[in-house]
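**Student:** So the sequence lines, in the order shown, correspond to chains R and F.
The working numbering puts the first sequence at residues 115 to 318.
The working numbering puts the second sequence at residues 925 to 1037.
These are calculated hints, taken from the structure and not from any lab test.
This one's a predicted model, so the numbers in the text were calculated from it and none came from an experiment.
Backbone N, C-alpha and C define an ideal beta-carbon position, used for all residues, glycine too.
Misleading hints may appear alongside valid ones.
To be verified - Quick list of in silico lysine to any residue cross-link-like pairs, SDA-like style, CA-CA up to 25 Å:
{"hint": "1", "chain 1": "R", "residue 1": "K272", "chain 2": "F", "residue 2": "S990"}
{"hint": "2", "chain 1": "R", "residue 1": "K272", "chain 2": "R", "residue 2": "H233"}
{"hint": "3", "chain 1": "R", "residue 1": "K272", "chain 2": "F", "residue 2": "V987"}
{"hint": "4", "chain 1": "R", "residue 1": "K272", "chain 2": "R", "residue 2": "S315"}
{"hint": "5", "chain 1": "R", "residue 1": "K272", "chain 2": "F", "residue 2": "G984"}
{"hint": "6", "chain 1": "R", "residue 1": "K272", "chain 2": "F", "residue 2": "S986"}
{"hint": "7", "chain 1": "R", "residue 1": "K272", "chain 2": "F", "residue 2": "V988"}
{"hint": "8", "chain 1": "R", "residue 1": "K272", "chain 2": "R", "residue 2": "T163"}
{"hint": "9", "chain 1": "R", "residue 1": "K272", "chain 2": "F", "residue 2": "T1035"}
Claimed, not checked - Pairwise CB distance ranges (calculated):
{"hint": "10", "chain 1": "F", "residue 1": "T1035", "chain 2": "R", "residue 2": "G234", "range": "44 to 52 Å"}
{"hint": "11", "chain 1": "R", "residue 1": "N256", "chain 2": "F", "residue 2": "V988", "range": "21 to 29 Å"}
{"hint": "12", "chain 1": "F", "residue 1": "V988", "chain 2": "R", "residue 2": "V172", "range": "21 to 29 Å"}
What the hints assert, rightly or not - A short, non-exhaustive set of chain F residues, derived as facing chain R with CB atoms under 8 Å:
{"hint": "13", "residue": "G983"}
{"hint": "14", "residue": "V985"}
{"hint": "15", "residue": "V988"}
{"hint": "16", "residue": "P989"}
{"hint": "17", "residue": "S990"}
{"hint": "18", "residue": "A992"}
{"hint": "19", "residue": "D994"}
{"hint": "20", "residue": "G996"}
{"hint": "21", "residue": "A997"}
{"hint": "22", "residue": "P999"}
{"hint": "23", "residue": "T1035"}
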Amino acid sequence: MTSLSRRAFVTAATASLLVGCGGGDRTGRATPERRESTSPSSRPPAKATRALGRSVPVGLEIPAIGVDTPVMQLGLARDRTVQVPPLTADDVAGWYRHSPTPGRLGPSVILGHVTVGVHGDGVFRHLTRLRRSDRIVARLENGTAAVFAVDSIRTVAKADFPTDAVYGNVDRPELRLITCGGPRTGEEYRDNVIVFAALSSASP
Amino acid sequence: MRRTVFSAAALACTAVLASAVPAFADDPTPVAEATATPSVSPAPTDSPEPAPAEEGSTGGVSVVPSGAPDTGAAPESAQSGAEAGLIGGGATAVLAAGGAAVFLVRRRRATGA
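Please build the complete structure, drawing on both the sequences and the hints.
**Tutor:** In structure tokens, the structure reads:
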């Protein structure tokens, strides 16, 4: 092989190595998110704040993680899964309209994105940072607000989604906040992050 | 002779690039589609769900959804990472083809074919 050929090959091989190393898919990296407590057992006594009247939620505030968002209404998708808010830059939370309104007896379910594709972070990006007793305020259409206190935060694999714990009957007004979490494979998050909260007070 | 070698290499690289460019040009379309998941439509008319039943005095969820909610679409960095991998693979193929062309032309010249 002549010197020119050798040079051509060396150049091509070096360039290939450089280009190949620069373009890796980083989606498989593990997120620093840690698995939170998996037991919602630490409930305060069932004798809690009296249930409120029915009024749909229009806003949600979570001061501990800087959330202050409008709340839209969600139903069921064609595949019978729960709808989620659209992927937009001004991401909002959504209340599942077949669940009780916040402050009514039972589990009121509100969902939000952790990330919204090209738009970056979602409204529930920092849900895992919540701690027990943190305050969650659901503003209602009738001008009142239902105030909840966090009981527990669970990070569970989507494959083992705890349907009963999330949607099952309970004997007091409760709230569920749901988003995605855990490591990502492609565009899919492996887990769901679920915050369990109970009504602590109501403001007029 | 050297001019012949370089001309052949340039021609080969141009041909490979010309065939690879249309593949790159199509990249943005699937990314844009991937962000619009069919399940995100907020329009109630999209879903064949039962009549909106208000929760009763039992305090439960009137219609329990199936499966887990999909509340996260990969952020921009992840998507661009995948694109970078694709482009990197294409560039590698182009460079390898160019090198092979130079080698073949040199070899033919050396053997006098």
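**Student:** Could you tell me which of the numbered hints above are not met by this structure, giving the numbers in increasing order?
**Tutor:** 4, 8, 9, 10, 23
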